[in-house]
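*Asks:* Chains Y, H, V and G are the protein sequences, given in the same order. In case it helps, this note's numbering puts the first sequence at residues 1 to 760. In case it helps, this note's numbering puts the second sequence at residues 761 to 842. In case it helps, this note's numbering puts the third sequence at residues 843 to 1136. In case it helps, this note's numbering puts the fourth sequence at residues 1137 to 1298.
Since the hints were derived computationally from the structure, they do not count as laboratory data. Any given hint might turn out to be false.
DEER-style ranges, computed between Cβ atoms [what the hints assert, rightly or not]:
(1) Y:505 to G:1150: 29 to 39 angstroms
(2) G:1262 to Y:505: 34 to 44 angstroms
(3) V:1097 to G:1150: 49 to 59 angstroms
(4) Y:190 to V:1094: 58 to 68 angstroms
(5) Y:706 to V:884: 57 to 67 angstroms
(6) V:853 to Y:508: 52 to 62 angstroms
(7) Y:249 to V:863: 50 to 60 angstroms
(8) V:1094 to G:1262: 30 to 40 angstroms
Glycine is no exception: its CB is placed at the ideal position from the N, C-alpha and C atoms.
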Amino acid sequence: MNYIVPQSELKIVGTRPVRPDGVDKVTGRATFGADMTLPGMIWGKVKRSPHAHARIVSIDASKALALPGVKAVVTAADFPEIANEEAFVGEGPMNFRDLSRNCMARDKALYEGHAVAAVAATSQAIADEAIELIDVRYEVLPHVIDVEAAMAPGAPVLHEDMFTTGVEPKPAKPSNIAKRVSFTKGDVAAGFAEADVIVEGRYTTQPVHQAYIEPHACVAAVSADGQAQIYSSTQGQFMVRAYSAKVLGWEIANLRSYPMEIGGGFGGKTVVYLEPLALLLAQKSGRPVKMMMTREDVFRASGPTSGAVIEVKIGAKRDGAIVAAREVLKYQAGAFAGSPIGPGCMCGLALYDLPNVEVIGYDVVSNRPKVAAYRAPGAPITSFAIESALDELACKLNIDPLALREMNGARDGTKTHYGVTHKDIGFLSVLEAARSHPHYKAPLQPGQGRGIACGFWFNIGGESSGAVHVNEDGSVSVVSGNPDIGGSRASMAMMAAEVLGVPMDQVRPIVGDTASIGFSFLTGGSRVTFATGMAVTQAAEKVVDQLKTRAAQIWDIPVDAVEWKDGKAWPAGLNAGAFEPLSVAQIALKAGRTGGPIGSEVSLNAQGAGAGFGCHICDVEVDKETGHVKILRYTAIQDVGKAIHPAYVEGQIQGGAAQGIGWALNEEYIYDKNGKLENAGFLDYRVPVASDLPLIEAVMVEVPNPRHPFGVRGVGEVPIVPPMAAVANAVRSATGLRMEHLPISPPKLRAAVDAEAKAG
Amino acid sequence: MPKVVFSGSGALRFTEGRTELEVAATSFRKLVRELDARFPGLGEQVEEGMAVAIDGVIYQDAYNAPLAEGSEIVLIPKIGGG
Amino acid sequence: MQRLNYAAPKTVNEAVSLLAGASGPAKLMSGGTDLLVQLRSGRLKPELIVDLKHVPGLIGIREEAGGFVIGASTPGATLEAHAGLKAAWPGVVEAMDLIGSEQIQGRASLAGNLCNASPAADSVPAMIAAGAVAVVVGAKGRREVPVEAIPTAPGRTSLAKDEFILEIRLPPRPAHSGDAYLRFIPRTEMDIAVVGCGVNVTLDAAGVCTAARVVLGAVAPTAVLVPAAAAALIGHKLDAATLAKLDAAAQAACKPITDKRGTIEYRTKVAGVMARRTAAIAFERAQGRAVKGH
Amino acid sequence: MSKHHVTTTINGEAVEFLCETQETLLDVLRNTLNLTGSKEGCASGDCGACTVIMDGKMVCSCLVLGVEAEGSSVTTVEGIADGETLHPVQRKFLEHAALQCGFCTPGFIVATKALLDANPNPTEEEARYWLAGNLCRCTGYDKIIRAVMDAAAEMRGEARAA
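My request is simple: use the sequences and hints to build the entire structure.
*Replies:* Structure representation (structure tokens):
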């Protein structure tokens, strides 16, 4: 069934109802991970390494265990040793040895804040005291923080068994370069030889944290027979179950994982940190255990995304046609391999129709927390470099930056450098919307500047389950397997209500635990409204079929003589008008007599998520004396496919843009010379506050994705891709200064102003 | 026959420099087995770490995806997301 | 486990004897906005917290002999709401108001900000510029101390173990005078000052400066009174040449450090910028024009 | 010295509790009184998720000792609605989709109520500065500010603003 065509007939999809979980969230009743309490519960805390890189010589917990109130201590010795291989558990590839060692350091602590032990005690104060009493002896090792320093010969090596993959012959010596990846299209040397104009740049970005306001938290309980429950704030209850079971060596069936309300994730809650520790402490102590990260723990030991060095070279003809592009990307992975270098290599240039491309990427470990996914992982970094370089090219060619993108922009049939041919994309529609937006033509005052930049993200589908049940009174329950991180319960209920033809408030959506609904890949990659929405839509369609069958039984007519319209069964064909239509409630009343409960669960693996494109327009005012950049006006235009709940689509776009503005101007990880993080808190890790930002206008361009019943494309990732370059290009427009290094913090910008003045 | 395009180093390191290959396969699963037979290790690489685009549509998991005469199949790194 | 005790004395004498009699380290609390953060981080491990807010006179603002007397624990929100104080000493009130969020303003106080002894404390340069005096009480009685003599180094004050600040006194306002405080932060709110500057000037009828105090924050271990910057102003109107001299004098007085919030070079240059901008506001106010500070 | 015995008023009800000195008001609200609407996002006064109104002043409950609540009157997010009837600020947050994950929302609701009690007709800039101590990572603040301005207009008895 396809609902795209009769758009005008949509009654619920595309409207802006109050979200079903809203009242609990404005009254303080919503239950997040840290709000959970179980009878007999005690408190777990983590002891963390004070060193960036150190061999763990010994851990003596005897004094802690002797402290009254301490119920259990765990260290790496309590976890099974896991082989160094990527395993497949339905969540995609994951190196569980690395995951295990990230949850609890074994042999070596690889970054400041790396967990080395955990305790459970009857009060938080006792647990804190016990942490102090655990005696860990370290042999401090030389450390390395920055990506190019980590790649240099002679750098301290984190993993003696890391030999760069993707290079021939296989290196003889271990290094911090986990892998090299590359993509080529055409002949890049020949392309540059034809170019009239070439721009080159070396861009750097700093690691930034997802900075969700809710710190990680969970409560675990384990029965004597090994059956366990875990309640946590996570982007995937099935991920928590699978990862925890793997790290602990437990059977998945023994673990039931409950998703609590989640206070933001943005990719940062797609792995486990505390859950395996809490489960083990609960098992050892025989008591339910609650664990919460402090804000400092969150910064030191979870997230962030990669910092990177990106070298870009782009060549074009005089008229603006790009003939060649070369990009080298060096991404920090943190302490274990696995930066988003793959998408990094693909996304930056995916927006353009380019004949000759070479992209080389490196995944590099150093003594920092292991990176986690963060909105369009890898894409914002590469796009900062590419979109800045394109701005330089536009300046050099004296071409309008939007025109340069219009001329070279990808369209249906464009073959990307990674081989995929674009299909059903809306990039040119987005550019057209940008050109016709009043913002693009609005006058600027002296000292102000305007920048534009674009962004791309694949969006993903994947495994999802959704169930629709008609209750005895005709109300409808919708169960999905995906934590609701930004309003997905509303969109699930809306799609189900649309298919059923019933009012939204007749549908109650919930997020099921791992025993209540079929497997669902985690909430991430902007996949839930697309993939889980597809499962819910299909389940609702099956329910409609059942309702028609039941009505046919009640009327004693053939089922193909029943029509479903406006939430009611209608006799059709020869029987038209013969019976009064039956509502869902009327059919539900007779469910027992017509075959039993009415409901359906659909599990699927959704393919064909439509890619998304965005174009952002940013105006700034620069105080050249202080280097302060004020964002004056911001417009974010994006192809959203079909907006199910437009207000929450706008919210995704506005929120992504705001995070990108933070990334552009102030957010960064700052380390001291000992490899210790100096700004592990919201005071000095400076996310945008309300007074930093203007209203952010979100413009939704709707180019439906033909592979989704309502035309949905993922929307949450794209909006964080363009802002860094949009801001940098606006600063360039205001000052003439090309800021190649993020963040564009006041000291850096003032130094650039002074350097230019000095150079004359 | 469907045509497989090897664009990135993820696949190219198995294919001895080949960038394209025509494979007589009617489903993606058959294609993976065929590839693994031709280039040992590539099948596992595709299964564990790669997504696939068939005529421009990206599939994260595509065992059952039908392949048509002339389909273009591109192997790319698997994509996650925030 | 070491138990942390708490006392909320009801009189000055009770507070002094609690402090004098404490067997271990004791900490005074007004709003607690710095203290609680330091307790939680483990940076401070006192055995006793003495909550001063219940001591009579510690909260409240009164006018006395043409000046203002501000109870040491009076929260910023109360200063902000006091029209008379705001009209007379807008720089001091604005400096206090810049500390943290509205939530912090519900608790944080001038004396707390002073005794936390952060070099970047916003209210301190403004108080010093204003010529504010701290009334200190202790076992040996009562003494009046210029505000600039309270902090001695980051996190350290000149107060004895049994002493605390009872109130802050702001002097009477001469005619044709005005004050201002500006700071530079990377965001628009919620940051610690990278550089702060308080300026207090008196002009003659012609607009020529007759008296000035210029104070910089966050560019040295404590807030610094810069007589050379004041000298650049005295005898002049605020013309371009005067501003240039003021800028140079402010920069010359800086002895900053490079840290996560700014570099030596940046802080020094921005100190000059802040001095110019703050002086401009103070001069406007001294000439009777209401000017928005920050 | 044993635990402190504290008598206070929370959301209009007389409440007694025991606490250690180092327990914050937020700890007491969440762990002792099961009022988990106030959230801990930073425990350093930087995020505002724990905002409550104490004796008429908006404060971060993570920066108040539980023992300081003696004799005071505290309003938490649980006390903003009038029984089943949502406060206009709560209603406007819902209507404007001014929340995504909802974790910062209790702090914003309390802070917005305090703003409109103090200043019924704030400019957008005043609202943004008043709320600068409340971090939201999901929304980019746009819809929050629209909800605040609309709630203010409604509470002033004006027609819908935006």
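*Asks:* Does each hint hold? Answer for all of them.
*Replies:* Results for each hint:
{"no.": "1", "hint": "Y:505 to G:1150: 29 to 39 angstroms", "verdict": "38 angstroms, holds"}
{"no.": "2", "hint": "G:1262 to Y:505: 34 to 44 angstroms", "verdict": "36 angstroms, holds"}
{"no.": "3", "hint": "V:1097 to G:1150: 49 to 59 angstroms", "verdict": "55 angstroms, holds"}
{"no.": "4", "hint": "Y:190 to V:1094: 58 to 68 angstroms", "verdict": "59 angstroms, holds"}
{"no.": "5", "hint": "Y:706 to V:884: 57 to 67 angstroms", "verdict": "58 angstroms, holds"}
{"no.": "6", "hint": "V:853 to Y:508: 52 to 62 angstroms", "verdict": "60 angstroms, holds"}
{"no.": "7", "hint": "Y:249 to V:863: 50 to 60 angstroms", "verdict": "58 angstroms, holds"}
{"no.": "8", "hint": "V:1094 to G:1262: 30 to 40 angstroms", "verdict": "38 angstroms, holds"}
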